[in-house]
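Enquirer: Okay, here's what each chain looks like letter by letter:
There are 2 protein chains.
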Amino acid sequence: MTLCLDNATLDGISHPVSIVIKDGLIDQIGVELAIPDDTLRMDAQAMTVIPGLVNGHTHAAMTLLRGAGDDLRLMEWLTQRIWPAEARLSEEDVYWGTRLATIEMIRSGTVAFQDGYWHCAGIARAVQESGLRAAVGMGMVDAQGVEQGESCKKMAMAFMEMAPHFGPRIQPLLFPHAIYSVSPENLRWCSRFAETHGINLHIHVSETVREVTDCLNRYGMRPAFHLDRLGFLHERTILAHGVFLDDTELDLIARRGATLITNPTSNLKLAVGGIFPYERVAARGIAVGLGSDGAASNNSLDLFQELKTFALVQKHAQKDPTAMPAALALEVAMGRHAPILGQTGIIAPGQPADLLLIRTSDPEMIPPLHLASNLVYAATGHVVDTTIVAGRVLMRHRVIAGEEEVRQEVTARARRITLATS
Amino acid sequence: MTLCLDNATLDGISHPVSIVIKDGLIDQIGVELAIPDDTLRMDAQAMTVIPGLVNGHTHAAMTLLRGAGDDLRLMEWLTQRIWPAEARLSEEDVYWGTRLATIEMIRSGTVAFQDGYWHCAGIARAVQESGLRAAVGMGMVDAQGVEQGESCKKMAMAFMEMAPHFGPRIQPLLFPHAIYSVSPENLRWCSRFAETHGINLHIHVSETVREVTDCLNRYGMRPAFHLDRLGFLHERTILAHGVFLDDTELDLIARRGATLITNPTSNLKLAVGGIFPYERVAARGIAVGLGSDGAASNNSLDLFQELKTFALVQKHAQKDPTAMPAALALEVAMGRHAPILGQTGIIAPGQPADLLLIRTSDPEMIPPLHLASNLVYAATGHVVDTTIVAGRVLMRHRVIAGEEEVRQEVTARARRITLATS
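As given, the protein sequences belong to chains W and X, one line each in that order.
Reminder that position 335 of the first sequence reads as 335 in the numbering used here, one-by-one numbering, no gaps.
Reminder that position 375 of the second sequence reads as 375 in the numbering used here, one-by-one numbering, no gaps.
Chain W on its own, in the form it takes in the complex:
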């Protein structure tokens, strides 16, 4: 089916254009195009079309635990709230939690995300139904012993076989939790497994000072070097957080070609005590993306809000109001500085049709003096009117099918999971 967005405004082009979408790709952009008769026409009057955003690090199903343990210290949060609740999660719970997350993402302009959790078949099913793109990260943790690690391996192997059935929008990904919760042996197993299957690796790294000190004490080296000696650092590796990476680690990451994902809200909320060293990262040409982290530690999945926080904390940390200007922050959130996330962030013929129609008439978008400024500093995801992924319209005028059922299921399941632990 061919889709045509009429009267669309593009940044930098003064007159409205038509955008023709065919087979999931942008086919033509221009005026007075020859458009086939059976084309579905969509009026984009008073809308600006921009590329969709990509969430570089989240745990979608954790919407189930939103608000379940805020304003707590990390270890109290994990051991008393999150882990006991997570121990009760079924694949069906994960499916519904991920459904809610996909609705929230579609409503706030996210077209693709990098996920890391358990019960991947539940995640993949929810993503498939949503129409979004996702890298589904198969969690690996062995902090509770050898058996836990073996069980994770089995689940990963099972999902690897299943993954192709979910179609091309869903990619499997291996997601060992962190260097303090996965043994060197299993990290090495992950490196090999990912290589064998040609999939990406994703891990939390250098999120807290304690992680760095513990690594130095236990292994005599900093986290990036520990990962590197286990074959973990290369062009197919995504490192989330990276708040406390020093220059030698950044040099190493740059040489290996790995990608860093910053999660500013999560870092502030958990008070990790540092800010992602964007300036030093960018100076080395390291690929960078933006993530929301999970809804239990943010607690929003709206990347427009994350964008603003990203720009604000970088200005603050660099003590320079010209740091992280709006246009650059937008590029990062569109995935243009992290090719591994799979989004080009470009609107041109031949590119995937992963697009947002933005309502520029909302009060917070007035006056329309500077689109990037308004998107980054004034907007939230609520300015997104229409979300299109691979040429398919996932939301039009902010309506998504099936919201009510998801709301009820998640509420009931969240109450069961968390009440049992409080």
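Quick caveat, the hints were computed from the structure, so don't treat them as lab data.
Computed from a prediction, not measured in an experiment: that's the story for all the values here.
There may be inaccurate statements among the hints.
One copy or any two copies: either way a pair holds, since identical chains are not told apart in the list.
Cross-link-like lysine to aspartate or glutamate pairs, in silico, DMTMM-like; alpha carbons within 25 angstroms at most [said to hold, decoys possible]: (1) Lys153 with Asp27; (2) Lys22 with Asp11; (3) Lys319 with Glu279; (4) Lys319 with Glu76; (5) Lys319 with Glu405; (6) Lys319 with Asp214; (7) Lys319 with Asp247; (8) Lys319 with Glu331; (9) Lys22 with Glu279; (10) Lys153 with Asp228; (11) Lys153 with Glu92; (12) Lys319 with Asp246; (13) Lys319 with Glu129; (14) Lys319 with Asp362; (15) Lys154 with Asp247; (16) Lys319 with Glu409; (17) Lys319 with Glu32; (18) Lys319 with Asp251; (19) Lys22 with Asp6.
Chain W is already provided as a structure; the job is to place chain X on it using the hints.
Expert: Same frame as chain W, now just chain X:
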């Protein structure tokens, strides 16, 4: 006219109640109330009722300059973008800019605000029409010489005479810009003028390190002491920013009973290099409120977003995730820690009916495990369905009359004002 909200959910009360509003005040709360026949009934099913938020520091008309000069250094921003544009502003421009701001505030749950700008008759007219409450700050600045100061005095005196005609929701306020832009003589004049007329004072203070150093160099004392010797510090004084106040200044402010307003987004965006010392402020029992600052330096007037940033930066600065828990942040934004802002933030019979109906069914509010957490960390102002001020419904189901005209007027005026300067 009596108004009754039926089936309303209140935090801490397990069953839905009715709230009867009469003459701008909450009259009764309960079930099976005797309700007069001519009462306007409003169904609040699936809504939670909370007190409205109060913006402790803004420059409403600066919506006209939203996006006109982002990502710039403070002096470049002021001298090359803001001041030349402001020199062109007419009272009619200020009226329309304030109209847009009131729409944005009503849409995001703000029921009252402290403003500081020029052409106060234009501000007051816009506020009066909007239905909001506001303290309209009469700007005073003399950095360009004696004449400028005299002109400000004349405008202030003229507005003082006019103010009562705008009705009880509008209070005049005297707003000298800052210690570096207003001479000691005129600050003293302001102190006396405010005392004579029984009005409050509002000033930017200790926003940057340079302001403190310059004050030390010029006057041999820190800003709070400079203000105090000019009779400026007392229970009717509101100090905005206060990022770099030291302990001796905080002790003085506590003794004098003045109120501090923190504007976290503005401080981060302008990269002032510090964070509001909430812990030291609260330890002294100093009254504290939250502000958005103007739309040229935020660029949103949504206090729900400001709330989150406030909680996040306090956790970060105090290196403690338990700092500024959600419920406390909400109290501050409701004005419960700053009586001078005029909002009690309490829902009870006899209290002003300044209320919000919150849609708790939005995806970001699911699951409903913890209302305060969801409001602070997950919501934006877009969860506000209905805004009621002094018993009058200013927005119902997110619709406000006259939006389109305001959008067009502000767009045209902003283009004229800013194009001339770029």
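Enquirer: Does each hint hold? Answer for all of them.
Expert: Consistency of the hints with the structure:
1. Lys153 with Asp27: neither (42 angstroms within a copy, 63 angstroms between copies)
2. Lys22 with Asp11: within (22 angstroms within a copy, 50 angstroms between copies)
3. Lys319 with Glu279: Close inside one copy (12 angstroms) and across copies (22 angstroms); limit 25 angstroms.
4. Lys319 with Glu76: between (33 angstroms within a copy, 16 angstroms between copies)
5. Lys319 with Glu405: neither (47 angstroms within a copy, 40 angstroms between copies)
6. Lys319 with Asp214: The answer is between: 19 angstroms across copies meets 25 angstroms, while 30 angstroms in one copy does not.
7. Lys319 with Asp247: both (20 angstroms within a copy, 23 angstroms between copies)
8. Lys319 with Glu331: within (22 angstroms within a copy, 30 angstroms between copies)
9. Lys22 with Glu279: neither (40 angstroms within a copy, 57 angstroms between copies)
10. Lys153 with Asp228: within (21 angstroms within a copy, 68 angstroms between copies)
11. Lys153 with Glu92: Classified as within: same-chain Cα gap 20 angstroms, cross-chain 68 angstroms, threshold 25 angstroms.
12. Lys319 with Asp246: Classified as both: same-chain Cα gap 19 angstroms, cross-chain 20 angstroms, threshold 25 angstroms.
13. Lys319 with Glu129: Neither way: lysine 319 and glutamate 129 sit 44 angstroms apart in one copy and 41 angstroms across, limit 25 angstroms.
14. Lys319 with Asp362: neither (32 angstroms within a copy, 37 angstroms between copies)
15. Lys154 with Asp247: neither (37 angstroms within a copy, 59 angstroms between copies)
16. Lys319 with Glu409: neither (46 angstroms within a copy, 37 angstroms between copies)
17. Lys319 with Glu32: neither (49 angstroms within a copy, 58 angstroms between copies)
18. Lys319 with Asp251: Only inside one copy: lysine 319 and aspartate 251 sit 24 angstroms apart there, 28 angstroms across copies, limit 25 angstroms.
19. Lys22 with Asp6: For lysine 22 and aspartate 6, only the intra-copy Cα distance (15 angstroms) is at most 25 angstroms; the inter-copy one is 50 angstroms.
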